[in-house]
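Trainee: So you can see what is in the structure, the chains are spelled out below.
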Amino acid sequence: MPLPRKGWKRWQEVVGGSASPVVTAWLADGRPPGPYLILDGVAVERRGRRVVQVEHLSIGSGSCVLTGANGSGKSSLLMAVAGLVRGAGEVRVVNAVDGQGRQAIGYMPQEPTGLDHLTVVQAVRFAQVLTGATVEVDAARHVEAVGLSAQIDERISRLSGGQRRLAYLATLLAQPASVLLLDEPTVGLDASHRLAVRQVLVGAASSRVVVTATHLPDDLEALGERMIVLRRGEVVFDGTSAAFRGSQDWDGALSEWELS
Amino acid sequence: MTADPPAAPSRSRTGAGAVLSAGALVLFSTLLVGTQVAQLLLRGQGWTIDTRWAISQYLFGMVLFGPLVTAFAAWQGRALREASWLVRARPWRGLTTFLAPALVIATVVFLGGLLAAVGASVVDGAPLTVSVSDGLGVVAGLLGVFAHAALGLAAGARLRCRLVPALSAAVVFAVTMAAWIAGGRVLVDFGGATGGVIGLQATTGAQVSRLVLMALLTAVGLLAARAALGGGPPAGRTALTWLTAGAVVTVAVGLSVDDGYRTVPETWSCTGTSPELCVPTRFERLLPDLDAAVRSQGLADQVTGASPNAASRIEVDDSLLLVQVSRSGQDAANDPVLLERIGGLVYNELIAPGCLPEQTFLDEMSPEAQAAFDIITRWVVWQTAQQDPESAVLTAADLGVPDVRIGSPGADEFLAAAIGRLPPCP
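Chains as they are written, first to last, in this note's numbering: chain A, 1 to 260; chain B, 1 to 426.
Derived from the structure by calculation, the hints contain no laboratory data. A portion of the hints provided could be inaccurate.
With the C-beta cut set under 8 angstroms, the calculated list includes, among others, these residues of chain B facing chain A [to be verified]: (1) Ser-21; (2) Ala-79; (3) Ala-83; (4) Leu-86; (5) Ala-89; (6) Arg-90; (7) Arg-93; (8) Thr-97; (9) Gly-230; (10) Glu-390.
No residue lacks a Cβ here, since even glycine has one placed at the ideal position from N, Cα and C.
Given these sequences and hints, build the entire structure.
Mentor: Printed below as a string of structure tokens:
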């Protein structure tokens, strides 16, 4: 098999014979896989209660939606993957483009804060420095990518809620992460900003693993290239959104989540 | 989303400065600088006569400076917590980036204030005499700044309360006060605020205890802050446990030792006259003015000449008296406050039992000697009070002493008789 790339070699070493069908297909095509997020036996407990139990997940580059009712474990799973809560199991990123280890995973909570006193471009540049981005992309380009060029020198604290979210999204994009985890990134935004966030995420998914936790129908439609449904912390569905529509009561599920 | 070349950003803040808002910078810098300036300018400035005293008194300011550093770092700890989603990629780098502004500003202010204190004493004419113990005291103070900062960062990173900067400062101040009261002074006593530091210096054990404790607290604070960011390795928690245990043991050791000071031998510079007047060598510049004031006052000469039981050498280790000499300068011989203080000096240095090593001799003296000592005491008090008109409110009759003045033949007779009944000075 050709492709003696460093990342490729690591991929073979790490994944070995346990590659998913998708990867196997890629191997058959002879294409090098993009970055991959692999979870094995990830479990999170809170106050003695197990809130997440994921036996195995392999998520390749592209947009993936993590969905489920409130309390289903979406946020806990993302935080465990990001290393912000203590959990059991193993999280690996293979074939990472730039950052390694923790730097290979970027995470943005539902209400990101911490850099409000900086201008948009300062925040992006700070994120680059802090996370050790080695790929030279001008901070202004990341700002441009989220459509905030006009606000590039505005303090984040002075932006609207939607613009603020986009500014922090730019700081996420600026990181050398091959895997981006976003927790409800469009909640509380108006329609235009929701659209802008989705466009950015779809763009980012062309070269990275983008996992978005959401239960908003519009997000599921726009970002659900692949859907992982959680219930009580366990994966109850993993496939394309089309397959989900075919296998479940789509409207009923949405109603359940929205009501919850 | 165009592909046009991006506009050049007008400003750039990507380092540690990026994690400190302008408001916090102004607030905490003002508090830290203001505290140090206040303690340099608003308290008595006798310390300027001696660089060792200046250093020691300055380090005492850690009692207030430390809690302010804690508050500053706790503020940064809160910011660190808010940005934990971002710094989680490189936790240690994020932690140090958020801590750096507080630590750098606090360190610069601390060292700047120290330089100002030492500079003021040098300008005042004090020779730059810094002992190893003084140097260790400065190192301990610097480590104290680090420890306060690290603990504040940990508090801010771990506690969700918005008031954590104020609360952590209050707790640190309360713990410091409790340590002073409860016998743990050696652990928090970075320096002395009074003039009693002449001839004293911290023991090696006290210095080491402070250094070790501050280093341990710094490490504990940093590891606790790191743990607050989540996802730390198990080895980090183990290290945190061991270091905390080490800090507790160090505190226990500190609580078991005495006040942590020892007397150090002084080198003396003397007049070579009789009575001989001596000051620690680093105060040699004050000797001529002091000698003039002592001769002007006359009591020392008269006491020495009155009886062989009186001592003939005065070693001046009263720092406040030396301050008064420094302030009076060439007018020392006419300074009534100084002349009154010299009375006490002569009484303590030349007349038994003041000149004796232990005051307990007083109880062992004969009733006759005790009576002589008593009347001398009252006479000296009355005489020296006469030299400061504001203090001269009592008459000789009020005190039951003979109405004879310093330098008079009557005073010669009185002193010869009274001192002759006392044990001789060594």
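Trainee: Each of the hints needs a verdict: does it hold here or not?
Mentor: How the hints compare with the structure:
| no. | hint | in the structure |
| --- | --- | --- |
| 1 | Ser-21 | 4 angstroms, holds |
| 2 | Ala-79 | 6 angstroms, holds |
| 3 | Ala-83 | 3 angstroms, holds |
| 4 | Leu-86 | 6 angstroms, holds |
| 5 | Ala-89 | 4 angstroms, holds |
| 6 | Arg-90 | 6 angstroms, holds |
| 7 | Arg-93 | 6 angstroms, holds |
| 8 | Thr-97 | 6 angstroms, holds |
| 9 | Gly-230 | 4 angstroms, holds |
| 10 | Glu-390 | 58 angstroms, violated |
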